[in-house]
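Build out the structure end to end from the sequences listed, making use of the hints.
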Amino acid sequence: MIKEEYFLLSVYQNEKRNQHHIQVILQKIQVFHLF
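Reading the sequence shown from the start, the letters are residues 57 to 91 in the numbering used here.
Derived by calculation from the structure, the hints in this document are not laboratory data. All of these numbers come straight from a predicted model, not from anything done at the bench. Glycine is no exception: its CB is placed at the ideal position from the N, C-alpha and C atoms. Please note: incorrect hints may appear among the correct ones.
Just the calculated beta-carbon pair ranges, DEER-fashion [said to hold, decoys possible]:
id	residue 1	residue 2	range
1	Leu90	Glu60	44 to 50 Å
2	Ile58	Gln86	40 to 46 Å
3	Ile78	Ile58	27 to 33 Å
4	Lys59	Gln86	29 to 35 Å
5	Val80	Glu60	26 to 32 Å
6	Gln83	Glu60	32 to 38 Å
7	Phe88	Glu60	28 to 34 Å
Structure follows, in structure tokens:
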């Protein structure tokens, strides 16, 4: 039970990290398009 919760938490945190990474990439693309 606790292992499952820990696993879900790590998956959730990886999702958030990926989400942030995607936003950073999108921002860079937008900045690139400005030039």
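Quick rundown of the hints versus the structure:
The given range of 44 to 50 Å is respected by Leu90 and Glu60, whose C-beta atoms sit roughly 46 Å from each other. In this structure the hint that Ile58 and Gln86 lie 40 to 46 Å apart at CB holds, the actual value being about 42 Å. Between Ile78 and Ile58, the C-beta spacing of about 30 Å keeps the proposed range 27 to 33 Å intact. Taking the beta carbon of each, Lys59 and Gln86 are about 41 Å apart, not inside 29 to 35 Å as hinted.
At about 31 Å, the beta-carbon gap between Val80 and Glu60 stays in the expected band of 26 to 32 Å. Evaluation of the 32 to 38 Å hint for Gln83 and Glu60 yields a pass: the beta carbon distance comes to about 35 Å. Restraint check, Phe88 to Glu60: a C-beta distance of roughly 42 Å breaks the suggested window 28 to 34 Å.
Violated hints for the displayed structure, listed by number in ascending order: 4, 7.
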